[in-house]
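Engineer: Chain residues, written in single-letter form:
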Amino acid sequence: MIKKIWPLILLLSSALILVFVTGLITAIAITNGGEKSQEEIPAPPENIQTEPSSAAKNILVLGDSIGYGVGDEPDMGIGKRYAALIDSEETIEVTNLSVSGATSADLAALVEAPENEAFIAAADLIIISIGGNDLTGIQSEDVLSLDMAFQETFNTYQKNLDATLNRIRNLNPEAQIALIGLNNPYSELDVQNSQNLLEWNYKTGLIAAAGLKTAYIPTYDQFKDHLETYLAADQFHPSSIGYQVIAEELDRVLNGID
Amino acid sequence: MDTLVLNVSHISKSIKKKEIIKDISFQLRKGEVLGFLGPNGAGKSTTLRMLVGLSRPSAGTISICGHSIRDDYVKAMAHVGCIIEGPDLYDYMSGYKNLELLGSMSKHVTQAAIDQAVTLVGMENRIHDKVRIYSMGMKQRIGLAQALIHKPDLLILDEPTNGLDPQGIHEFREIVKSLAKDTGISVLISSHLISEVQLMCDRVCIINNGMIVQDGTVTDMLSTGEIVWVLNDPIKGQKILSENFNLASLLNEHNELIAAIDLKVLPQINATFITAGLELHTVYAKNKTLEDLFLSVTNQRTIQ
Amino acid sequence: MLILIRNEVTKLLLKKKLILIIGLLIIFITLLSYGQQYTYEKNIDRFENFSGAGTYDWKSLATQRLNDLENRLDSPYIPDSGIASTEIEIRQLRYFIENDINPITPSAVKFSVDFVEQGISLLIPLIIVILAADLVSGEFSTGTIKVLLTRAVPRWKILLSKLIALILMTTLVVLIIGILSVLISYLFFRQWGFNEPVATGFSLIDGQLNADSVILVTRFQYSLLIYSLTWYVSIVIAAITLLISILVENTATAIGVLMAALIGGQFLQFFLSDWAIVKFFFVTNLDLTRYLTGSYQPIGGMSLNFSIITLGLWGLLSLMIGFMVFNRKDVLV
Ligand SMILES: Nc1ncnc2c1ncn2[C@@H]1O[C@H](COP(=O)(O)OP(=O)(O)OP(=O)(O)O)[C@@H](O)[C@H]1O
Ligand SMILES: [Mg+2]
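Residue numbers (the working numbering), protein chains in the order written: chain C, 14 to 271; chain V, -12 to 291; chain U, 82 to 414.
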């Protein structure tokens, strides 16, 4: 019996050994691939302006899709709308480094990146919209662990936000910073989420209060009863009107009512 | 020289600083059956282990059919078949599978050779059963077969009759004798059973405390050179011996006359006794028993 | 030589080790697949209750995420380092959406990878120990070493044949683990999952996860990588087990020593991870598969290369000592 299956065992095992050795080498190659390409391409990305403009007033927008202006008319967003609002005689240059889908960790990494230093240092006003994507991350957790997950997510968020603000302050002690609060596109659906969101906003407000020249821009109440009009077709991002509302709120907080 | 199948010269072995074998030398010729006799713990198994390369002597050389076991291990071992301390077999296989597996490790072991060995040890009927269920004697038989399948020139057997019934011992003896006679195989058998050695072996080495204390043919070793006469008047016989032949003699407890003589003069002495009118009942050569010899040379009560 | 190897394989097979191992694996895999299936169903239930709508709509969540990621790629300001990993996530999400597979659905191949990833530092080494621990010590304790070593075959050849037979059988055992875990878990999950895309190729540079070289492979290719690493670990464990088996002359002791090493090693790693020398211990380096998913660095300075080299050295050293000891050992049983 064994004499008959012996050639089979020998062949099968030998073939498998070849496969496994190949797999092993591949695994090593794949894992080591990163270090090589790391050495090869530390060059700054081309599609970013390498020099900030020397305009009299610079606005820098950082953060996620809301900072980027998803849902707004092309080439607008909070920064541009605010610039239009304050109606200054000076030329206002708006730079938008927001990344759709960015989380607080992404933002912390972004402000660390050397290629972004110059923009941060040159800005007079830095508008930050962040946190929405951190929070959607825990949307699918079940009820029991939701609270814990929320706490954990907020702690991470807070850490990242602190790091971001510190970094900005290091590069630019003078700039005004504005943190855009979260609105709640899910408001009618469930209470638990709304409570979490309010808590989130409240705590973000506390962070803002602790920093010099750092403002918190509330949007929750402004949006609450006007979701139809203030939200874009995707029922998630603000519409053009929504962005305008945020920009006006920003104006009101920073400059008061004339 | 080429008839020397095994040449052991001056081997010693120490285990854990204790010298177990002390400078042993002996030879074994083609076709010879050598008994290795010694009490428990004498060092028989230890010596045999060194002969088959299971352990290394601390000093000395061993060669088998002219090949040094140290320098030419493979060639030397090709001539050896052995059982060392019990028939150890793979008990999860059948006896046949064991023989096949072990046979495949030597060159030119054919199916026929295996079958022949199985028949020789009388195991044809149970050979395909698992070794696990064999009796001790059956294992011994397979053990012997396993030592024979590659047709060795030297068979080294350590207490091979352990566990065999009288019938088995007898068969075993016949097998060994006929192997030695017919195929010219040399056999080295260790044992502490005197009768076994006496019946089977041409030559005996008695080993005690790791030393060889006697080495010679069985007949030489046992003969005392003494003659025993049973006479109606042993005193008169004694007188005749001293007066006519100038021989010292003595009487034993049975009133038998004993004297050490040159065998050439025995007929003359007998004739003189008869002419002197003595009744000569029996004359015989006095032999030591091997047991006497064994006990006298291994005179010890405790195992060392 | 081939005959010697065949003999050794025969012994291994007739000892019914393989059957014992297969039995153990079947029990483990069945329990774990059942457990995973159970947890999965529980989770789905919870989601459904939570969303209130009755059905749990993973698809819209995934689509939402996909849109976000795509927008993010469009941004001119996205740092280069993020592009690769974003693209990969997009491709993964697309696959799941297009094939209508919920990413959290368990599949047979995924389970089989999980199984060895979990088992690589204890269960699989133990299985190899079962296979190999009595390879030499067993021959000593039954005395068969005497009939084995009194043939006209040099000792190193006998040990080499044992080693090769062990490597062959270890390889088969790894294959058996793969086949059993896929087949049994398929019975539970009804989902092969061979083509699911998986991201791999992360590396840790200066303590930062680097995703530049991350590539997307199918779950099947990924499982080949994982099993290759498992195989390597198994071979090293086999070599070490062989050494212990030569040294101790007693199977129970051999198994004991190795169990102590494996379990003690985990403790060592747990309590003394600050102590640099711990990373040179073989047990600390067993968890090779974790390096493929990137986030793993049990003790500073460890990497896949480091672990593979360390394990390799352990294996080679074991074999060298093993051959030396076996060659000059006095057989006194
Ligand atoms: N592994 C060992 N370690 C230490 N001493 C040993 C070892 N093996 C044997 N000895 C000692 O060597 C001596 C000889 O042992 P050996 O087995 O050769 O005796 P033996 O003549 O075969 O006895 P027996 O007739 O009982 O089989 C004994 O005193 C024994 O205690
Ligand atoms: Mg003995």
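Any given hint could be a false lead.
[What the hints assert, rightly or not] Computed cross-link-like contacts, DSS-like style, restricted to lysine-lysine with a CA-CA straight-line distance of at most 25 Å: (1) C:K216 <-> C:K237; (2) U:K123 <-> C:K17; (3) V:K94 <-> C:K16; (4) V:K138 <-> U:K238; (5) V:K3 <-> U:K410; (6) U:K238 <-> U:K96; (7) U:K96 <-> V:K84; (8) U:K97 <-> C:K16; (9) C:K17 <-> U:K238; (10) V:K138 <-> V:K84; (11) U:K410 <-> C:K16; (12) V:K94 <-> V:K84; (13) V:K17 <-> V:K94; (14) U:K97 <-> V:K117; (15) C:K17 <-> V:K17; (16) C:K16 <-> C:K216; (17) U:K96 <-> V:K117; (18) C:K17 <-> V:K117; (19) U:K238 <-> V:K62.
In case anyone wonders, no lab produced these hints; they're calculated from the structure.
Engineer: Please go over all the hints and tell whether each is borne out by the structure.
Structural biologist: For each hint, the structure was consulted:
The straight-line distance between the Cα atoms of K216 (chain C) and K237 (chain C) is roughly 19 Å, inside the 25 Å bound, and the hint therefore holds. Between K123 (chain U) and K17 (chain C), the direct Cα distance comes to roughly 48 Å. Violation of the 25 Å bound is thereby established for this hinted pair. Restraint check: the Cα-Cα separation between K94 (chain V) and K16 (chain C) comes to about 18 Å, which is no more than 25 Å; the hinted pair holds. Simply put, K138 (chain V) and K238 (chain U) have alpha-carbon atoms about 22 Å apart, close enough for the 25 Å limit, and the pair holds.
Taken as a hint, the K3 (chain V) and K410 (chain U) pair is honoured in the structure, with Cα atoms around 14 Å apart against an allowance of 25 Å. A hinted pair counts as satisfied when its Cα atoms are at most 25 Å apart, and K238 (chain U) with K96 (chain U) qualifies at roughly 22 Å. Annotation: proposed proximity of K96 (chain U) to K84 (chain V) holds, straight-line Cα distance about 13 Å (limit 25 Å). At roughly 16 Å between alpha-carbon atoms, K97 (chain U) and K16 (chain C) fall within 25 Å of each other, so this suggested pair holds.
Proposed proximity of K17 (chain C) and K238 (chain U) is supported: the alpha carbons are some 24 Å apart, at most 25 Å. A hinted pair counts as satisfied when its Cα atoms are at most 25 Å apart, and K138 (chain V) with K84 (chain V) qualifies at roughly 18 Å. Taking the CA atoms of K410 (chain U) and K16 (chain C), the gap is about 32 Å. The hint is violated against a cut of 25 Å. Between the alpha carbons of K94 (chain V) and K84 (chain V) the distance comes to roughly 17 Å, so the proposed pair stays at or under 25 Å and holds.
Of the pairs offered as hints, the one joining K17 (chain V) and K94 (chain V) holds, with about 22 Å between alpha carbons and a cut-off of 25 Å not exceeded. Note on K97 (chain U) and K117 (chain V): the hinted pairing holds, with a Cα-Cα distance of about 14 Å set against a maximum of 25 Å. Using a Cα cut-off of 25 Å, the hinted pair K17 (chain C) and K17 (chain V) is violated, with the two alpha carbons roughly 42 Å apart. Under the criterion of a C-alpha separation no larger than 25 Å, the hint pairing K16 (chain C) with K216 (chain C) is inconsistent with the structure, at around 75 Å.
Under the criterion of a C-alpha separation no larger than 25 Å, the hint pairing K96 (chain U) with K117 (chain V) is consistent with the structure, at around 12 Å. Straight-line distance between C-alpha atoms of K17 (chain C) and K117 (chain V) comes to about 20 Å, which keeps the hinted pair within the 25 Å bound. Only pairs whose Cα atoms come within 25 Å are accepted, and K238 (chain U) paired with K62 (chain V) is accepted, the gap being roughly 15 Å.
In this structure, the earlier hints numbered 2, 11, 15, 16 are contradicted, and the remaining ones agree with it.
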